[in-house]
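So you can see what is in the structure, the chains are spelled out below.
Protein chains: 2
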Amino acid sequence: MKLLDISWPISAAITSYKDRYIVKIEPLKEFEKDGVRESMIELTSHTGTHVDAPAHFLRDGKTIDHVELERFAGSCVVLDLMDVTDAITDERLEEHDGEIADEDIVLFKTTNSLIAATDPFNPHFVYLHESGARYLVEKGVKAVGIDYLGIERGDPSHATHTILLEAGIAIIEGLRLAHVEPGEYPFMCLPLNVIGADAAPARAVLLIE
Amino acid sequence: MKLLDISWPISAAITSYKDRYIVKIEPLKEFEKDGVRESMIELTSHTGTHVDAPAHFLRDGKTIDHVELERFAGSCVVLDLMDVTDAITDERLEEHDGEIADEDIVLFKTTNSLIAATDPFNPHFVYLHESGARYLVEKGVKAVGIDYLGIERGDPSHATHTILLEAGIAIIEGLRLAHVEPGEYPFMCLPLNVIGADAAPARAVLLIE
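Heads up: the protein sequence lines correspond to chains A and B, in order. Residue numbers for the first sequence follow the working numbering, so the first one is 6 and each next one is one higher. Residue numbers for the second sequence follow the working numbering, so the first one is 6 and each next one is one higher.
This is chain A alone, in the form it adopts within the complex (with noise of 0.2 angstroms):
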């Protein structure tokens, strides 16, 4: 078994959301000094790839620590949405509504993927719909992710995160996908196990043969 890892790396030059936050990775520990190397890392719940828990957006939702992990592990499709230049619309998934199984995980592959991953915020990046949100809760799926650091864009109401996570389906943020053939895989995602929080950071795989 080999794990590809589509997980969008960490260092102090990551995009982060609107540019809003700077991670910051430090020595505490230095080998020619102490002998041992030891990191201090001061993140945001949304850096990189994450995974946003109901409470994020709901006022009552559940904390990552109460989201069952199967949630984001199990069969996926990785649908080819390299021609969209805007918004996944509810027609846009139409078009693979058969490649779409009932408790799927869907991964969204977009241009956004080809957007480096140090580089300043792109607003205009590939996003969901919110008609695209309510075919994938009208399709049963369990968890949809997409490759960049949001999932909607510029809606006040934020409708596409309302309308998934009141469905109870999680949204996986930060993928990267650009060498990934679209198709079928067993995934995983395992965010860090973080008390009380409205999301964290995640390490995201696809098993191949």
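No wet-lab data here; the hints were simulated from the structure. One or more of the hints may lead you astray.
Treat identical chains as interchangeable: a pair holds within one or across any two.
To be verified - Pairs of lysine-lysine residues, derived as DSSO-like cross-links and limited to a Cα-Cα distance of at most 27 angstroms, are as follows:
# : residue 1 : residue 2
1 : K7        : K34
2 : K67       : K23
3 : K67       : K144
4 : K7        : K29
5 : K34       : K67
6 : K144      : K29
7 : K23       : K7
Following the hints, position chain B against chain A.
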């Protein structure tokens, strides 16, 4: 498929090695004020469940982003070492010789798992003696995991770490195994992909039917 979480919960109250560092988790955005929740997380590369990279103790050792993820995924055996009161020596491991297969990931279930995850650091934790480390190198295991925040104790030469890391054996520290029956399981541990880091926080699970 069910996932059995064996990770150390991360909170501001988490035990840290020798009580040296404090984890900070603070709100960046709050629901009542901002309509959304986001958090800042400050921790070290060795907080809670984490994977040591060779760069932790070896001058030219690989950093965590260069360690193959397959090292932390695959067949594992949880050894019942609840009767060990001090060091896990080669002699203690020989008692379990028939349970350890080539290329196994070996996890030690010890009385460390009975120490609460937020207790002050316990300097008397059960650890892997360098003779035990040599034994595991000879057995050809691919990773070793222990249920406390360190795998060796008060050895200024860091022999246990050095023996394992030089042999390319991954070290997973900070597991929680009180709720786990000893035996064989498929295992997966995914550390954050922190570029250039000596270690990284991780989530670890056992797969059960």
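To see whether the hints hold, each was checked on the structure:
| no. | hint | in the structure |
| --- | --- | --- |
| 1 | K7 x K34 | neither (33 angstroms within a copy, 39 angstroms between copies) |
| 2 | K67 x K23 | within (25 angstroms within a copy, 33 angstroms between copies) |
| 3 | K67 x K144 | within (23 angstroms within a copy, 44 angstroms between copies) |
| 4 | K7 x K29 | neither (31 angstroms within a copy, 35 angstroms between copies) |
| 5 | K34 x K67 | between (37 angstroms within a copy, 16 angstroms between copies) |
| 6 | K144 x K29 | neither (40 angstroms within a copy, 39 angstroms between copies) |
| 7 | K23 x K7 | neither (34 angstroms within a copy, 36 angstroms between copies) |
Violated hints, listed in ascending order, are 1, 4, 6 and 7; each of the other numbered hints is respected by the structure.
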